[in-house]
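J.: Following the hints, position chain B against chain A.
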Amino acid sequence: MTRVDVRKGLWITLFVLPGLAVVGVFILLPLFVSLFNSLFNWQQLIRGGFVGLDNFRKILLADPYRTRFFNALGNNLKWFIVTMLVQNSIGLLFGYLLSRKVAAGGFYKRIFFIPVLFSIVAVGFLWGLYLKPNGLVNAFLKLVGLPGWTHAWLGEEKIATFSVIVVNIWRWVGFPSLVFLAAIDSLPGECFEAAYLDGAREWTTFWKIVIPLIVPAITVITVLTIIGSLNVFEQVYTMTGLDGPPNYSTDTIGTLFYRTAFGSVDSGNPQIGIGSAIGVVIYLLTFVASIGSIVATRSREVEL
Amino acid sequence: MTTDLRFRGARPGRAIVLSVAQLLMGLYALLIFYPLFNMIVSSFKTTREIFQHPFALPVHIVLSNYKVVWIDRGFGRYFANSLVVTLVAMAFVLLLGSMAAYGVGRYRYRLRTFVFMLFLSGIMLPLKAAIIPLFMLIKGLGLMNTRAAIVLIFLAMGLPSTVFILSGFMRSIPLELEHAARIDGCNDWGIYQRIVMPVTTPAIALVTIYNAVPLWNDFFFPLVFLQSNALKTLPVGLTTFFGQFSTDWSLLFTGLSIAIIPMLVLYLFMSRWFIRGLTAGAIK
Chain A
365 MTRVDVRKGL
375 WITLFVLPGL
385 AVVGVFILLP
395 LFVSLFNSLF
405 NWQQLIRGGF
415 VGLDNFRKIL
425 LADPYRTRFF
435 NALGNNLKWF
445 IVTMLVQNSI
455 GLLFGYLLSR
465 KVAAGGFYKR
475 IFFIPVLFSI
485 VAVGFLWGLY
495 LKPNGLVNAF
505 LKLVGLPGWT
515 HAWLGEEKIA
525 TFSVIVVNIW
535 RWVGFPSLVF
545 LAAIDSLPGE
555 CFEAAYLDGA
565 REWTTFWKIV
575 IPLIVPAITV
585 ITVLTIIGSL
595 NVFEQVYTMT
605 GLDGPPNYST
615 DTIGTLFYRT
625 AFGSVDSGNP
635 QIGIGSAIGV
645 VIYLLTFVAS
655 IGSIVATRSR
665 EVEL
Chain B
3 MTTDLRFRGA
13 RPGRAIVLSV
23 AQLLMGLYAL
33 LIFYPLFNMI
43 VSSFKTTREI
53 FQHPFALPVH
63 IVLSNYKVVW
73 IDRGFGRYFA
83 NSLVVTLVAM
93 AFVLLLGSMA
103 AYGVGRYRYR
113 LRTFVFMLFL
123 SGIMLPLKAA
133 IIPLFMLIKG
143 LGLMNTRAAI
153 VLIFLAMGLP
163 STVFILSGFM
173 RSIPLELEHA
183 ARIDGCNDWG
193 IYQRIVMPVT
203 TPAIALVTIY
213 NAVPLWNDFF
223 FPLVFLQSNA
233 LKTLPVGLTT
243 FFGQFSTDWS
253 LLFTGLSIAI
263 IPMLVLYLFM
273 SRWFIRGLTA
283 GAIK
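Protein sequence lines correspond, in order, to chains A and B. With positions in the first sequence counted from 1, the corresponding number in the working numbering is that position plus 364. With positions in the second sequence counted from 1, the corresponding number in the working numbering is that position plus 2.
Chain A on its own, in the form it takes in the complex (with noise of 0.2 Å):
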């Protein structure tokens, strides 16, 4: 080596290392330490005996951990269907209206970004009281002549897991909309002129045209609503509580990782072993159905 490439390594290295280190210690190793952990037993913080994929075995095949685990995998299985089914189609729709200039649009896009700056913490507090049994929703049925419908939203085991969607959905539609409007905008205009001078309708236009060039976005969105349908924490935690009450109708792997790491879900001591397990199992599913996505939507993907 030459003195100028010790030089240039060293510049690197000066440049590159102290960040490195920093997401090295707090982010890498306590990932490969997770994975590490989960092979063991543990007695409360002493690790003891190798077990292997022992405490796999106990999320997926023994109770109580596997009434538990699948209750929660299926209500997260609720979160993302229900947030693409529901939150990402009004995004798309928003988005497109957005595109095309409608009345207020600059108004609209503004405002409906205000909600996704807000902290999950205190939009969950606020309409939990809102969707209280004598809170606003309730008040609000009752004014407009509807008594019959009104609930206790968060505390009926059938809906109160899509009363704390929904309300994510609120603080979050602004997001998906102006991911959309942003990737109709960057197309060029002459796919539309083209399209209108063809003759095509409004409803052809924007299946055949629109939707394939923003591919793309479609992707990022999917993926962020997974990442994000893994991780539903306070949500639960601020509107209905760690346990997921109703009788564990809201309850999430994320809810049930934190009391499985901090305060058991059996004999209420901290369980390492199983919880780095959840852990480990969070993060294969994110980064599985993450990388699934991406290939099945790059396959549909059109070049201009």
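There's no promise every hint is true.
Stated by the list, open to error - Quick list of simulated restraints, FRET-style, between CB atoms:
| # | chain 1 | residue 1 | chain 2 | residue 2 | range |
| --- | --- | --- | --- | --- | --- |
| 1 | B | Leu85 | A | Phe434 | 39 to 45 Å |
| 2 | B | Met272 | A | Thr366 | 48 to 54 Å |
| 3 | B | Asp74 | A | Gly413 | 49 to 55 Å |
Calculated directly from the structure, the hints in this document are not laboratory data. Heads up, the beta-carbon is just placed ideally off N, CA and C, and yes, glycines get one too.
T.: Showing chain B alone in chain A's frame:
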């Protein structure tokens, strides 16, 4: 614009669909405004008024709630704590992040892609799921219940996206600028500091908003690592407060208003930057 072209062909049926869609947008705007308006109005009412006349304006405006929440209930302190933790973490995110972006974006070497991938791997993976080893690490370092723990974790959370966005931007800066400076006797640090960083300013602004808003709002890590009431940040303080005063809705709405209004005001002045900054990771 070409977009207007498509309006001309609108038939009555399509016009109806369009109006319904616009109605939906108006409805959502209303659904954003009214709950926030009601929150602020309720913070001036008594709890009895909130229950008896949920839609009415307050009879007497009660300002004492704000004094009680801000001073007696420590929201002023929570607010200051959030500010300190976010500002210190962001200062380090920008310094170390721009340095690393420079090291990844402006040099060619064999390990470059590998180093970049190491930073990148922190973007997708949820750090929450590694809370157990992180907990033991912070405990082992003797940093439990300190601001330093939160600053370090926030720093680690902010770095990957910062390196990702800034290195892409720095790569597009022409090398000629650098050569000229080098002939004038500038060393690598000088080039980073005096040539590359000033040109990178717009990207720095985006990265700042992209990271500062989620860090300011972050709940999970302060919840786990800060037990002492004197150190709690706003989201955690709000949680404690809701636990203690669950029946005093008048105070609860005041606390929520204090947590939400500052961000709202900031947004009104800088909405374009906030929109561009927060969508920076999703739009190329």
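J.: Decide, hint by hint, whether the structure agrees.
T.: Here is what the structure says about each hint:
In this structure the hint that Leu85 of chain B and Phe434 of chain A lie 39 to 45 Å apart at CB holds, the actual value being about 42 Å. For Met272 of chain B and Thr366 of chain A, the Cβ-Cβ distance of about 49 Å falls inside the hinted range of 48 to 54 Å, so the restraint holds. A beta carbon spacing of about 53 Å between Asp74 of chain B and Gly413 of chain A agrees with the range 49 to 55 Å that was offered as a hint.
The structure meets every hint from the earlier list without exception.
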